[in-house]
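S.K.: Whole structure, please, built from the sequences with the hints as guidance.
Protein chains in written order, with our numbering: chain P, 1 to 111; chain B, 112 to 223.
There may be inaccurate statements among the hints.
[Claimed, not checked] Across the chosen pairs, the derived CB separations fall in these ranges:
#, chain 1, residue 1, chain 2, residue 2, range
1, B, Y121, P, A68, 42 to 48 Å
2, B, T131, P, D18, 44 to 50 Å
3, P, K51, B, T197, 40 to 46 Å
Just so you know, these hints were derived from the structure itself, not from any lab. Even glycine gets a Cβ: it sits at the ideal position worked out from N, Cα and C.
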Amino acid sequence: GQQVMQIPQYQHVQEGEDFTTYCNSSTTLSNIQWYKQRPGGHPVFLIQLVKSGEVKKQKRLTFQFGEAKKNSSLHITATQTTDVGTYFCAGPVNAGNMLTFGGGTRLMVKP
Amino acid sequence: DGGITQSPKYLFRKEGQNVTLSCEQNLNHDAMYWYRQDPGQGLRLIYYSQIVNDFQKGDIAEGYSVSREKKESFPLTVTSAQKNPTAFYLCASSARGLLGYTFGSGTRLTVV
Numbered sequence: 001g002q003q004v005m006q007i008p009q010y011q012h013v014q015e016g017e018d019f020t021t022y023c024n025s026s027t028t029l030s031n032i033q034w035y036k037q038r039p040g041g042h043p044v045f046l047i048q049l050v051k052s053g054e055v056k057k058q059k060r061l062t063f064q065f066g067e068a069k070k071n072s073s074l075h076i077t078a079t080q081t082t083d084v085g086t087y088f089c090a091g092p093v094n095a096g097n098m099l100t101f102g103g104g105t106r107l108m109v110k111p
Numbered sequence: 112d113g114g115i116t117q118s119p120k121y122l123f124r125k126e127g128q129n130v131t132l133s134c135e136q137n138l139n140h141d142a143m144y145w146y147r148q149d150p151g152q153g154l155r156l157i158y159y160s161q162i163v164n165d166f167q168k169g170d171i172a173e174g175y176s177v178s179r180e181k182k183e184s185f186p187l188t189v190t191s192a193q194k195n196p197t198a199f200y201l202c203a204s205s206a207r208g209l210l211g212y213t214f215g216s217g218t219r220l221t222v223v
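M.R.: So this is what it looks like as structure tokens:
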């Protein structure tokens, strides 16, 4: 079964509202990565978190890695139409560097 | 500029035909990967290769084959044994110990 779960699957927000997507793994992860895929595009690497409880910020995006290193979240403050896309978390669930991706959260922003 | 090139961008195939998707990278990355993405879905690993002349099956390898004769190239063949090949295929690469995967722009395969 799927080992990396993301919720919600879809999220509609009004421009200016905040947005959060959550990622949970069935196993402890050495790191968690986040990617953004614009409609019709390909995934683009955003960030990697490694340490337990780590929090990183990129402008309006805040990434957090859980204390147990089994969950993570991405929070966007005051969404803009440019934030539209699908956000994926991914982690090396199995041995080796291969990433297992979550199902993604598709963000839609109404102007 | 360094990157990953996938070709073609769109591909149409008749049922029963094999088709090969190209993936070339000039990033000097050791590892390369093939993922399949279905509409509204996540990415599922088909095959991966961590060094030249070696590759491993991913979660959904049935009906697919790969080769890794050169570090820069990791072509994927979708065989007639693949029951439902219509999908978006993404190739990616990564460097040992470095952050993140770099993805190509993908190939959209449609079986007609």
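S.K.: A separate judgement is required for each hint: does it hold in the structure or not?
M.R.: A quick look at each hint next to the structure:
| no. | hint | result |
| --- | --- | --- |
| 1 | B:Y121 with P:A68: 42 to 48 Å | 43 Å, holds |
| 2 | B:T131 with P:D18: 44 to 50 Å | 45 Å, holds |
| 3 | P:K51 with B:T197: 40 to 46 Å | 41 Å, holds |
In this structure, none of the earlier numbered hints is contradicted; all agree with it.
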